[in-house]
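Protein chains: 2
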Amino acid sequence: MTLKQNIRDKINKSEELVGVIGLGYVGLPLAVSFAIEDIQVIGFEKSEEKVQQVNAAENYIGDVKDEDLEQVVKNDKLKATTDFSKLAECDAILICVPTPLDIFKKPDMGYIQESCETIGAYLKQGTFVCLESTTYPTTTESFILPILEEKSGLKEGKDFWLAFSPERVDPGNKQFDTRNTPKVIGAMNDDGLEIGKAVYQKVIESVYSVSSPRIAEMVKILENTYRLVNISLINELALLCGKMDINIWEVIDAAKTKPYGFQAFYPGPGIGGHCIPLDPFYLEHIAKKFGFDLSMIHAAGHINNMMAHRMTLKITSALNRHKKAINGSKILFLGVAYKPNIDDERESPSLKIIDETAKKGGDVYYHDPFISEIKTDEGRLYNSSEFTPEFLNSMDCVVISTKHDVFDAEYIKEHSKLIVDLKNLIKEPSENVYKL
Amino acid sequence: MTLKQNIRDKINKSEELVGVIGLGYVGLPLAVSFAIEDIQVIGFEKSEEKVQQVNAAENYIGDVKDEDLEQVVKNDKLKATTDFSKLAECDAILICVPTPLDIFKKPDMGYIQESCETIGAYLKQGTFVCLESTTYPTTTESFILPILEEKSGLKEGKDFWLAFSPERVDPGNKQFDTRNTPKVIGAMNDDGLEIGKAVYQKVIESVYSVSSPRIAEMVKILENTYRLVNISLINELALLCGKMDINIWEVIDAAKTKPYGFQAFYPGPGIGGHCIPLDPFYLEHIAKKFGFDLSMIHAAGHINNMMAHRMTLKITSALNRHKKAINGSKILFLGVAYKPNIDDERESPSLKIIDETAKKGGDVYYHDPFISEIKTDEGRLYNSSEFTPEFLNSMDCVVISTKHDVFDAEYIKEHSKLIVDLKNLIKEPSENVYKL
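Residue numbers (our numbering), protein chains in the order written: chain A, 30 to 465; chain B, 30 to 465.
Treat the hints with care, as some may be off.
All copies of an identical chain are treated as equivalent in the list; a pair is satisfied when it fits inside any one copy or across any two copies.
[Stated by the list, open to error] Think about it this way: if two alpha-carbon atoms lie no more than 27 Å apart in a straight line, the pair counts; the simulated DSS-like pairs of lysine-lysine are: (1) LYS106 to LYS368; (2) LYS285 to LYS203; (3) LYS343 to LYS203; (4) LYS203 to LYS368; (5) LYS359 to LYS285; (6) LYS368 to LYS285; (7) LYS115 to LYS184; (8) LYS203 to LYS33; (9) LYS272 to LYS135; (10) LYS42 to LYS272.
Calculated from the structure, these hints are not laboratory results.
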């Protein structure tokens, strides 16, 4: 039996052992997806705490159902470990580690590199390896492949197979989850593609093949660059509309009546999360190697960079109506999550605005029903405040910075003296409501 | 009976006389839409030729059905005239004149100004006036209103009503026409809005009200700025992908499998037509008045400006494979229309590429089944060439610049020595096909 026949055979019999590296918002839902289908899964994770949580069926990812995690842990289908030597047992290894940018907005390939070096050290013949983390096109071929081959002494296409298949996780999306979101995959060769599709088709309804890993890498970047560019565009237009006394929200609602060729994006205090503010800059990074300037991404980055400052100016203008300055005013931010109804404040624009207003002498508070404490980029620590009528009324300015469904426009309006509404929560114009 | 009651009454009885100024690709379909509903329409047009054509039921607009024009002319429901004094008879006046940019990309308000001065000279009490031409936000309130009031001596809101309702014509669109494309309208006041909706609802299925003309003006600009920005983004990414050996078309097809948050745009030799290359620069123009720089539009404009040159470089690179230069080579452009299956070459990127290749000494030809002759920006004149196997084979390079449905990939591939495919007409990779 060839190596390929062997893994195909295991997959057919559901006897494959799947290893998932990284048990974050991508890896844990994926691991649970396999395990719930009675496929044996090992979750590899450096954090002792996360490993203990998973093995105790303590769910820490909003997109994972508690009962699913309980079931797969109880049935011994999913085991988490910090022992990476168990990679040697795996038939398929799926890499779901972070790919952050460093403070100079350069890709930090450290997590991928470390994962690949570890995989290479334990890789057995006949294993399928796939990266899911967003990265610049050519990473799989030019960065990962050499590490794996060198560390393992094995040959891709003969001894093991390598592919790229971007995660498309949209935290908090109730309609599309791991199972029903189509997945793109590009492998180094036809055998790897065949095996990779067989692996993923067990848990994902639609797997879409492309001709190379770099195509698959570019697909993810295109998707998120599209979002970055369009959010930046609407943010810039919102700032102009503010000056021209045009309600941008009304404009967008009307434009949406066009039945073709338009997709609505909405303005806000900036772009947050782990994907959209980062992914396009991966492309900008590799483009430089090709002597190429990406002017749309550059302009979008520029807008995004200035948004926190512009939002602080909005707060300044609002307070000015009440003859107050930021310095010495009590300012409450409602919502620090980077998007509605999730408990994630990574890259959230609110944190930057909080830093800027605090630095200007503002007496800053925040309330977020999903996030009990925060640490800003500049290291300020806050706990979520109360949300009582008295507390709202004691503020000089209430800033609506995330549109959580639980925030009631009427309640906030009734009890606040001055509101800066960055998310169009309060629809009717009012003296005391200053809108983006 | 008040003036408002009077016009509402006429509309109820279908006794209103509608005047449409400008019988181009917006005005003629609109005029025919009213007339086909047995509403009396006068079409005002400065071109004697167009007036004669309309009155002879000779159709010159692709989106108008020949039989509809014949019917309304035969029934005397639509009459075209160069006599603008007849504006005095109209109950509703709809302005559909061009709003071009001048050679310095500044708005040329000449057509609007002239129309308004003429309307003002003849305006009778109780008339509804509406501009459909795309323009910068605040035009209706700050540019049109003063002219109409001064020239007529009448008062808006009392003697006549003024509104803005952007045309959304998409030439060649078989699914959405004047009737079933929702129409946005913003008026100076509630009475104007009520009358305007009554006028348009006769011929348009869905009329969507916004709170002011400037909102309606901004709606149209947003729609087309969205398109400009996204086409520019994908064009820039296509250029990078060309350098990185990534097939951008395959990337887009895969990205389209994402079931939310993505809308596909396709690259090409540049942006053409009467809207997308122009409209966003109207906004850029007015933004300057507010001390505001629109960096996304600026970056998009930059990309668009360089596309013709970049496409000429693609032709140079392709010819170079055959050890040839543009200078002295026979180059055939297939398609000069700015988009598929229409007969309009305004602002078409093909014209700019033709100018640049001709200037470099290329022996340039074109073939377009819809356009029999062209004049380039620099004044070069060409007639559409034959499209025979012998002629294709006699060319050093065949450039596919518009993806008309009638262009058969196999036929072109079989008979051409070298192809530069800017529109992904030829799917399979091949030695002699050089793709964008």
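Against the structure, the hints come out as follows:
{"no.": "1", "hint": "LYS106 to LYS368", "verdict": "neither (33 Å within a copy, 55 Å between copies)"}
{"no.": "2", "hint": "LYS285 to LYS203", "verdict": "both (22 Å within a copy, 20 Å between copies)"}
{"no.": "3", "hint": "LYS343 to LYS203", "verdict": "neither (33 Å within a copy, 45 Å between copies)"}
{"no.": "4", "hint": "LYS203 to LYS368", "verdict": "within (14 Å within a copy, 38 Å between copies)"}
{"no.": "5", "hint": "LYS359 to LYS285", "verdict": "neither (38 Å within a copy, 47 Å between copies)"}
{"no.": "6", "hint": "LYS368 to LYS285", "verdict": "both (21 Å within a copy, 23 Å between copies)"}
{"no.": "7", "hint": "LYS115 to LYS184", "verdict": "within (21 Å within a copy, 84 Å between copies)"}
{"no.": "8", "hint": "LYS203 to LYS33", "verdict": "neither (37 Å within a copy, 50 Å between copies)"}
{"no.": "9", "hint": "LYS272 to LYS135", "verdict": "between (35 Å within a copy, 21 Å between copies)"}
{"no.": "10", "hint": "LYS42 to LYS272", "verdict": "neither (64 Å within a copy, 44 Å between copies)"}
Of the numbered hints listed earlier, those contradicted by the structure are 1, 3, 5, 8, 10.
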